[in-house]
Structure formats: C-alpha cells, structure tokens
Amino acid sequence: MIKVRNLHKYYGDHHLFKGISLDVKKGEVVVLIGPSGSGKSSLLRCINGLETFQGGEIEVDGIALHSISRPKPSSSDMEAIRQVRLKVGMVFQQFNLFPHMTVIENIIEAPVKVLGVSRDKAMEDAISFLSRINMANKADAHPENLSGGQQQRVAIARALAMKPEAMLFDEPTASLDPEMVGEVLSVIKDMVNEGMTTIISTHEMGFAREAADRVVVFADGDIIETSAPEDIFTSPKNDRTKSFLSRILR
Amino acid sequence: MTTTILETVWQPLRLSIQVSLISTILVALTGTVLGYMLSRKDFFAKDVIDAIITLPMVLPPTVTGYYLILILGRHGLLGKIIYNWTGWAVAFTWQAAAVASFVVSFPLMAKTARAAVDSVNSELEKASLLLGKGEIETVLKVTLPLAWRGLLAGIVLSFARGIGEFGATLMLAGNIPGKTATMPIAIYSATQSGEYSLANYLVIILTILSLSVIYATIRLSKRD
Ligand SMILES: Nc1ncnc2c1ncn2[C@@H]1O[C@H](COP(=O)(O)OP(=O)(O)OP(=O)(O)O)[C@@H](O)[C@H]1O
Ligand SMILES: [Mg+2]
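Quick note, the sequences are listed as chains A and B, same order. Numbered as in the numbering used here, the first sequence ends at 250 without a single skipped number. Numbered as in the numbering used here, the second sequence ends at 474 without a single skipped number.
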C-alpha cells in the first residue's frame with residue numbers, strides 16, 4: 001500500500017535520510033518511535049508531499065512520488081501529490097481545524113468541494129460519525145470552544161470523511177492534557193480495528209504495544225530496528241533502541 | 251447662469267468618491283494578490299518588486315505624478331501606444347485621477363495585505379491542501395477569510411488615501427472643474443481664488459469623510 005524505497009532527504013546541507021526503506025501493507029498498523037529529531041515527522045511529510053525528497057521513491061497505492069532535485073515541482077509531480085493526498089489522510093499534533101468554520105463545516109467542506117459528495121449526504125455521514133464519538137452535540141460549535149481532545153477527534157473525523165485508503169498521524173496526542181489522551185487514542189483504535197492502513201508517530205508506548213502490527217524505531221534519520229511490538233518491548237536487539245526505551249519507559 | 255454653492259460642493263465630492271471607489275476596488279484586488287505573493291511565495295526579484303511598489307509611499311506625490319506623465323501622457327511610453335490605437339489619452343481625464351489614486355494607495359494595500367496573510371497560520375493552509383483542495387480554493391476558503399480584518403483595514407486605508415490624493419492627481423489629471431478637480435484640488439483652487447466660504451465647506455466635508463473612515467477602521471479592528 002505504501003512503499004518507501006531508498007529515500008534520501010536533505011534539509012539544506014543536513015543529510016537526514018540516507019536511503020531508508022519501509023513497506024506498509026494494506027490494513028497494517030505501523031507505529032514510528034524514536035527520539036526527538038530522528039525523522040518521524042519528516043517521513044510522514046514526505047509521504048504526503050509536504051516535503052520534497054532528493055533521492056529514492058515513494059509509492060502510495062500505485063501512485064509514485066519521485067525525488068525532486070529541481071527547486072519547483074513540475075505539474076505532473078503536483079498532480080501525483082494531489083492524487084496521493086486523496087488517498088492518505090493526515091492528522092497533526094496541532095489539530096489545525098479551520099477556526100472560522102464550525103465542527104460540521106470543517107468535516108464536510110472537503111468531501112463536498114473535492115469529492116463532489118452532496119451536502120446532505122456529507123452532513124448525514126458527518127453527524128453519524130460525530131454521534132459515534134459522542135460529539136454530535138458539538139456539530140455547530142466553533143473549534144475554539146472545544147477541548148484539545150475534542151478538537152483532535154474532529155480532526156480525525158475530518159480526515160476520515162475523505163474516505164482515505166490510509167491514515168498518517170504525527171504525534172496526535174502530544175499536545176493534549178493527559179486526561180484527554182485516552183479519548184483520542186480510543187477513536188484511533190476503533191479506526192484501526194476497522195482495518196485502516198495506518199502509520200502513526202507517537203510516544204504512547206502503551207498504544208504501540210496494543211495496536212501496532214509493527215514498530216519501527218528511528219534514530220538520526222535511520223531506521224534502526226523494525227519488529228513486532230512484543231519483540232521490541234521485551235527483547236530489543238539494537239542498543240540504541242534499548243536506551244531509547246529505557247529513557248521513555250522510565 | 252448661476253450655480254448654487256451646493257452644486258459647486260457636490261461636483262468635486264462626487265468626483266472624489268467616484269475616483270476613490272474605483273481605485274479602491276482595483277487596489278483591493280491587485281494589492282491582495284501581491285500581498286499574498288509577497289507573504290507566501292518566493293519569486294524572481296521579489297525584494298526589488300517590493301521596493302519599487304513601496305516607492306510611491308516615500309516619493310513626493312509630484313514625482314510620482316511626473317513618472318505617471320512619462321508613462322501615461324499622450325507622448326508617454328504607454329500613453330503613446332494607447333493614443334495611436336484609440337485616439338484617446340488618459341491624461342487630464344477623471345480616469346487619470348483614478349490612476350493616480352491607485353498608484354499611491356497600492357503600496358498601502360499590498361503591505362497591509364501581506365501582514366494580514368503573514369498572520370494566518372500556514373499550517374491551516376497545509377491542512378486544506380492535504381484534504382485535496384487546490385491552492386486557489388485554499389486561499390479563498392482559508393487564507394482570505396482568516397485575514398479579512400487586516401484586508402479590510404487595508405481597503406479602508408486605501409480609500410482614505412485615495413480621497414486625500416492631491417499631488418500626483420494634479421500632475422496627471424490637472425485641475426479641470428467638474429472633470430478632474432477632486433476635493434483636495436477644488437480646495438486648493440478655492441483658496442487660491444479667495445473663495446473662502448467654498449473652501450470652508452469642502453474642508454469640513456473632507457474632514458468628516460476622512461474621520462468617519464478612520465473611525466470605522468478603528469472600530470473594526472477592535473471588534474472580536
Ligand atoms: N523544515 C526543516 N528545515 C530544516 N531542518 C528540519 C526541518 N524539519 C525538520 N528538520 C530537521 O530534521 C530532523 C528530523 O526532524 P523531524 O521533525 O522529522 O523529527 P521527529 O522525529 O519528528 O522529532 P520529534 O519527535 O521532535 O517530532 C531534525 O534534525 C530537524 O532539525
Ligand atoms: Mg515530529
């Protein structure tokens with residue numbers, strides 16, 4: 001479903017990714033862990049075309065993004081990026097809801113404008129999803145009047161309303177108060193249980209253990225270990241994985 | 251034939267409003283586009299373009315007007331082409347007053363629009379693009395609605411600047427009563443010819459007009 005091959009990424013002179021590869025199968029849940037600055041966000045941002053890369057290839061459901069060494073992407077590059085974005089939804093650490101729109105408008109805007117879904121159908125779907133996450137009563141609220149946990153759940157609803165083939169999460173609970181982490185993770189878990197292909201960068205090791213099919217450990221722009229969660233947490237092979245886990249699990 | 255004082259006041263007032271409205275509409279559109287480009291895009295000679303459009307803010311309006319004559323006068327660079335084509339020259343028409351207004355208020359609008367767009371969190375634009383929306387749709391649905399307060403302030407400022415425009419207008423449009431004599435120019439004429447009661451009326455109206463516009467901006471920028 002998502003194939004990353006021999007990816008090279010530079011930020012100016014800083015050579016972050018020196019040829020990393022990752023294959024995510026349909027329905028698979030991959031959790032990215034690793035210290036701050038190790039490249040988790042950068043990988044997610046390369047996959048959805050928010051960042052360019054300078055070598056290798058990324059393929060999402062058959063659509064290839066190529067490395068871009070020229071300063072401006074060409075129109076066929078732009079079209080590939082647009083196609084990929086229709087296939088993968090993204091949720092950020094900062095929820096990034098549109099502050100001038102209500103919850104329901106945030107959710108239905110793109111399905112109506114981009115996919116051509118009728119307004120009524122989009123409303124119906126949005127309300128039914130909001131009911132499932134116990135937020136139907138907030139449909140007409142503005143984001144500023146919601147808690148962080150509620151905003152993040154709406155951000156997930158907004159991404160899922162585009163019926164993506166896969167979802168990317170970049171530390172979706174990192175800016176939440178601890179008591180709200182659970183409600184957001186439970187929405188993600190439900191989504192994962194329905195078979196959504198997912199890549200998620202997180203520091204929530206409990207979630208990784210429970211929900212991941214595979215855990216990928218990053219350090220300094222490199223993938224240093226990839227294993228099933230039970231192996232990573234009980235018998236990590238790499239010394240840097242060990243020291244990272246011992247720091248984060250305390 | 252006697253003209254009442256009402257008519258002598260009304261002519262320049264109507265002309266000023268007509269000229270400023272048209273120039274403000276054009277400035278609002280083009281200034282917003284350039285403000286967006288300056289804020290979000292990297293393009294060739296960006297700083298040079300920024301500097302050139304800022305120039306009318308610091309040059310004496312007579313100098314700006316002189317340049318406009320060189321460009322748009324009947325023998326000017328562009329004016330000549332227009333004249334040969336259509337037999338019409340913009341200089342000394344009310345449109346010339348609109349052009350002068352446009353040129354002096356454009357930098358105000360572009361700079362205010364740039365600041366307004368700068369203040370919009372660009373991550374929200376990325377979120378919109380990631381939902382599959384195009385750049386233009388993102389600008390219309392996300393950037394501009396979130397920047398509206400600053401844009402409106404720019405539009406009001408541009409209108410006020412247009413109403414008050416004197417030097418460049420006099421140079422390019424001249425002082426033709428009923429045709430190019432806007433409020434500031436009519437005030438100058440009235441004072442020169444000792445018609446102080448006319449000058450008084452015009453000054454009071456212009457002051458009230460400008461004051462209301464500025465007051466409206468202050469109120470708008472305060473409201474939540
Ligand atoms: N826009 C950028 N310009 C320059 N360098 C960048 C940029 N974004 C990231 N980097 C660098 O790339 C490296 C990887 O950053 P990235 O944000 O991908 O890490 P991360 O694993 O997501 O970290 P965190 O856990 O803090 O979110 C860091 O060294 C960072 O400084
Ligand atoms: Mg990150």
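Possibly wrong hints are sitting among the right ones.
In silico DSS-like links for lysine-lysine, alpha-carbon gap of 25 Å or less [unchecked claim]: (1) K163/A <-> K376/B; (2) K376/B <-> K3/A; (3) K87/A <-> K72/A; (4) K26/A <-> K189/A; (5) K121/A <-> K391/B; (6) K429/B <-> K72/A; (7) K391/B <-> K330/B; (8) K296/B <-> K163/A; (9) K189/A <-> K163/A; (10) K87/A <-> K391/B; (11) K376/B <-> K113/A; (12) K3/A <-> K113/A; (13) K87/A <-> K237/A.
I should point out that these hints are in silico values taken from the structure, not numbers from a laboratory.
Failing hints, ascending?
6, 7, 8, 12 and 13
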